[in-house]
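Participant: At position 45 of the sequence shown the residue is numbered 45 (full-length UniProt numbering), and the sequence of numbers has no breaks.
These are computed hints drawn from the structure, not numbers from a lab. One thing to keep in mind: the hints can contain errors.
Dumping the calculated DSS-like pairs for lysine-lysine here, alpha-carbon to alpha-carbon at most 25 angstroms [claimed, not checked]:
id, residue 1, residue 2
1, LYS110, LYS66
2, LYS109, LYS23
3, LYS66, LYS31
4, LYS109, LYS66
5, LYS23, LYS88
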Amino acid sequence: MRTIFLLLASNIFMTIAWYGHLKNNNIPLWKAILVSWGIAFFEYCLMVPANRFGYTLSGFSAFQLKIIQEVITLLVFTVFAVLVLKEKMEWRYLASFACVMGAVYFAFKK
1 MRTIFLLLAS
11 NIFMTIAWYG
21 HLKNNNIPLW
31 KAILVSWGIA
41 FFEYCLMVPA
51 NRFGYTLSGF
61 SAFQLKIIQE
71 VITLLVFTVF
81 AVLVLKEKME
91 WRYLASFACV
101 MGAVYFAFKK
């Protein structure tokens, strides 16, 4: 559970770092890059231990960790895109998420 919590927290920082500047295009690109790097530092401070704990303590394979991270990324991004960027959720995005969930099924299938 610690791995999932750390992955969730790191993805919140990642989403803000990568997409937060889209709401305000008046900021010069170089400033957006520097601020994003500063935010991404905290992403890495959470992502590295999440992967280490998940691999060494929770018994996830590297492939499973990556699949978990991608699902969490999509969930966090979806909430951000809809609530912050005011983007519309469309059926094709939901269909693509269903395909990713298929990847999760196969990644964890014994």
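Participant: Each of the hints needs a verdict: does it hold here or not?
Facilitator: Structure-based check of each hint:
Among the hinted pairs, LYS110 with LYS66 is consistent with the structure: their alpha-carbon atoms are about 17 angstroms apart, no more than 25 angstroms. At roughly 40 angstroms between alpha-carbon atoms, LYS109 and LYS23 are farther apart than 25 angstroms, so this suggested pair is violated. Distance hint between LYS66 and LYS31 is unfulfilled; the C-alpha atoms sit about 30 angstroms from each other, more than 25 angstroms. Of the pairs offered as hints, the one joining LYS109 and LYS66 holds, with about 15 angstroms between alpha carbons and a cut-off of 25 angstroms not exceeded.
About 15 angstroms separates the Cα atoms of LYS23 and LYS88, which keeps this hinted pair within 25 angstroms; it holds.
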